[in-house]
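Based on these hints, arrange chain D on the given structure of chain B.
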Amino acid sequence: MKSKILTVDDSRTVHILVKKAFKDCDVQILQANNGVEGLSVAAKESPNVILLDITMPVMDGVEMLTRLKGDPALKQIPVIMLTAEGGREAVMKIAKIGIRDYMVKPFKDDVLLEKVGRVVDLNKKIEDKTILDKVNLLLVEDKPAIIDSIKTGLSHLPWDFVTAGSAVEALNSYNDNKFDLVLMSLSLPQDSAFELIKQMQSVRKKTPIVGMVVKSDADRQHRAVQAGFDATITKPLDLSELEMRVCRAIGIDTSPRYFTFEKTHMLIKLPKEESMARIGELRSALNAKITESVDAGYSRIIIDGSGIEELDVNLIKLIIDITHAAHDMSLSCAILGNDVMKNERGSFEETQNWKIFDSVEEAVAS
Amino acid sequence: MTNESMVFNEEEVKCMVERALKDVFSTMLSMEISLKECITIVGGESARSPLSQCDGPLVIGNVGFVGAVSGMVYTAMTEPLARRIAMTMLGMSEEELVEEYDLVNDVIGELTNMSSGAFKNQLCDRGFQCRLSIPSIIRGKYLVVEASAAEFRQIYVFANGDDLLTFELLMKNDDTDDGHL
Numbered sequence: 001m002k003s004k005i006l007t008v009d010d011s012r013t014v015h016i017l018v019k020k021a022f023k024d025c026d027v028q029i030l031q032a033n034n035g036v037e038g039l040s041v042a043a044k045e046s047p048n049v050i051l052l053d054i055t056m057p058v059m060d061g062v063e064m065l066t067r068l069k070g071d072p073a074l075k076q077i078p079v080i081m082l083t084a085e086g087g088r089e090a091v092m093k094i095a096k097i098g099i100r101d102y103m104v105k106p107f108k109d110d111v112l113l114e115k116v117g118r119v120v121d122l123n124k125k126i127e128d129k130t131i132l133d134k135v136n137l138l139l140v141e142d143k144p145a146i147i148d149s150i151k152t153g154l155s156h157l158p159w160d161f162v163t164a165g166s167a168v169e170a171l172n173s174y175n176d177n178k179f180d181l182v183l184m185s186l187s188l189p190q191d192s193a194f195e196l197i198k199q200m201q202s203v204r205k206k207t208p209i210v211g212m213v214v215k216s217d218a219d220r221q222h223r224a225v226q227a228g229f230d231a232t233i234t235k236p237l238d239l240s241e242l243e244m245r246v247c248r249a250i251g252i253d254t255s256p257r258y259f260t261f262e263k264t265h266m267l268i269k270l271p272k273e274e275s276m277a278r279i280g281e282l283r284s285a286l287n288a289k290i291t292e293s294v295d296a297g298y299s300r301i302i303i304d305g306s307g308i309e310e311l312d313v314n315l316i317k318l319i320i321d322i323t324h325a326a327h328d329m330s331l332s333c334a335i336l337g338n339d340v341m342k343n344e345r346g347s348f349e350e351t352q353n354w355k356i357f358d359s360v361e362e363a364v365a366s
Numbered sequence: 001m002t003n004e005s006m007v008f009n010e011e012e013v014k015c016m017v018e019r020a021l022k023d024v025f026s027t028m029l030s031m032e033i034s035l036k037e038c039i040t041i042v043g044g045e046s047a048r049s050p051l052s053q054c055d056g057p058l059v060i061g062n063v064g065f066v067g068a069v070s071g072m073v074y075t076a077m078t079e080p081l082a083r084r085i086a087m088t089m090l091g092m093s094e095e096e097l098v099e100e101y102d103l104v105n106d107v108i109g110e111l112t113n114m115s116s117g118a119f120k121n122q123l124c125d126r127g128f129q130c131r132l133s134i135p136s137i138i139r140g141k142y143l144v145v146e147a148s149a150a151e152f153r154q155i156y157v158f159a160n161g162d163d164l165l166t167f168e169l170l171m172k173n174d175d176t177d178d179g180h181l
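Residue numbers (the numbering used here), protein chains in the order written: chain B, 1 to 366; chain D, 1 to 181.
Think of the hints as simulated: they come from the structure by calculation, not from any bench. None of the values given here were measured: they were computed from a predicted structure. Treat the hints with care, as some may be off.
Here are the computed lysine-lysine pairs in the DSSO-like style, where the Cα-Cα straight-line distance is at most 27 Å [unchecked claim]:
| # | chain 1 | residue 1 | chain 2 | residue 2 |
| --- | --- | --- | --- | --- |
| 1 | B | Lys96 | B | Lys69 |
| 2 | B | Lys93 | D | Lys172 |
| 3 | B | Lys69 | B | Lys93 |
| 4 | B | Lys23 | B | Lys206 |
| 5 | B | Lys20 | D | Lys22 |
| 6 | B | Lys205 | B | Lys23 |
| 7 | B | Lys108 | D | Lys14 |
| 8 | B | Lys143 | B | Lys235 |
| 9 | B | Lys19 | D | Lys22 |
| 10 | B | Lys96 | B | Lys108 |
| 11 | B | Lys115 | B | Lys75 |
| 12 | B | Lys235 | B | Lys134 |
| 13 | D | Lys22 | B | Lys115 |
| 14 | B | Lys108 | B | Lys4 |
| 15 | B | Lys108 | D | Lys22 |
Chain B with its partners taken away, still in its complex shape:
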């Protein structure tokens, strides 16, 4: 749950500065302009910490602090003074009422973060990654063949693997490095995977952990859910499925694999291989990307099937869905294809009338 930080100051500037200081933290910033508003917001929102100015209209900070400490429901909320009033006697007098810390303006962001960080958990925001960004993965597997298969199968991605053949090795790596995800075999000797996940979660709770388990082992699959694995994937591994599960667990945006915004049009690149995982990925981002293209002022979409190896019913459905979605938003649509598409379109009623272009230039000019 996000920490709540209440800043009580009559200056809009200070509110903006505080918000800016915490922009990389997963916190909620609440604001009040004087002591009366501050007490009201504190009672309603139960903030985890209050940053309190002194000189304010309506009710000053000293009075607000006194009333806060006199209210059984609010007195436990830690208060850090953030004020231009900094004389030693003033500080000592206010400290006696009960504060956690005292900051005199002017202030630096890092000092503010450090002082507030001593009082509340300031979780750093998880940066949005795309399929084009580097990802650091810890692969915990004692079977070299599986390690090789995963590393080779995912070598087309900018993902770095650190491997560990045992629970001890894995925990040491985990303690020394920061990973975006842990991929862990549930078949480690002595069932050590289930103890390992507990230890990892006590170090760092937010790193997703995906378990790999034999398809027929329903018991371990069930135990994985109980133990708090973010997802499981069954062996033997479908590498496209593995890729998708990892992306989903980390929250990787895979749309750049399929959608690019060119000068005159949005290009949608169809997956080369027939894979329901890939088709599902494209489909899940379709509506948002079409909306984005309309917002950006595009009027044309080009569906790029020039790389496909077989025109099957799933791809046909996908192309039809793309054209319908484009039509709904008044976008024109053209299909860029290859000989496979041209030869096979006659086999299906829905595709017989498709006009397929050989080049982007022809498709744009149509």
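Quick look at chain D alone, frame taken from chain B:
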């Protein structure tokens, strides 16, 4: 009444003001400013701002402090400098600040608050307790301050490159207020 009747001499006050302004500008804006001139205003004479020869209106922040030593501070700068300060402090672009006069005023008010606080906290640490008032902002072309009761009055002219800003300080002793919060 002259500046010599104050508990501090001019040189001490000048050092405190310089320390305060440089600290605020470097911490909040990563800006270097340098003290160019100190103008002493004697007695109750009125003094036009040294910036009044600049084109365009001035943006002036005003904060008071009251206690064992009481006083007023006026920070004055040109409108373009005020906008530049606001852009830098808030990390906003010129376009974002186009219609935001109130926000620019608020920034200068807060800058004045911090500068005055940084100055008067040094007075407190020397045993002269005083507390700040709420800042206010004035915009105008000609600033003339008449203050017959001030025992100390100086205008400090700072520069950041070609831009000037002034910190006008008026003070008097006041034994009737202990200055505590």
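Consistency of the hints with the structure:
Simply put, lysine 96 of chain B and lysine 69 of chain B have alpha-carbon atoms about 11 Å apart, close enough for the 27 Å limit, and the pair holds. Taking the CA atoms of lysine 93 of chain B and lysine 172 of chain D, the gap is about 25 Å. The hint holds against a cut of 27 Å. Between lysine 69 of chain B and lysine 93 of chain B the CA atoms are separated by roughly 14 Å; this keeps the pair inside 27 Å, and the hint holds. The hinted pair formed by lysine 23 of chain B and lysine 206 of chain B meets the criterion: a straight-line CA distance of about 19 Å does not exceed 27 Å.
For the hint linking lysine 20 of chain B to lysine 22 of chain D, the alpha-carbon distance of about 23 Å falls within 27 Å, and the restraint holds. The hinted pair formed by lysine 205 of chain B and lysine 23 of chain B meets the criterion: a straight-line CA distance of about 21 Å does not exceed 27 Å. Our distance criterion of 27 Å between C-alpha atoms is met by lysine 108 of chain B and lysine 14 of chain D, whose separation comes to about 25 Å. Pair hint lysine 143 of chain B plus lysine 235 of chain B holds up; C-alpha atoms about 12 Å apart against a cutoff of 27 Å.
Only pairs whose Cα atoms come within 27 Å are accepted, and lysine 19 of chain B paired with lysine 22 of chain D is accepted, the gap being roughly 25 Å. A threshold of 27 Å between alpha carbons decides the hint, and for lysine 96 of chain B with lysine 108 of chain B the separation of about 25 Å falls inside it, so the pair holds. Our distance criterion of 27 Å between C-alpha atoms is met by lysine 115 of chain B and lysine 75 of chain B, whose separation comes to about 19 Å. A threshold of 27 Å between alpha carbons decides the hint, and for lysine 235 of chain B with lysine 134 of chain B the separation of about 25 Å falls inside it, so the pair holds.
A C-alpha spacing of about 24 Å is found between lysine 22 of chain D and lysine 115 of chain B, which places the hinted pair at or below 27 Å, so the restraint holds. Between lysine 108 of chain B and lysine 4 of chain B, the direct Cα distance comes to roughly 20 Å. Compliance with the 27 Å bound is thereby established for this hinted pair. At roughly 14 Å between alpha-carbon atoms, lysine 108 of chain B and lysine 22 of chain D fall within 27 Å of each other, so this suggested pair holds.
Comparing the model with each numbered hint stated earlier shows that all of them hold.
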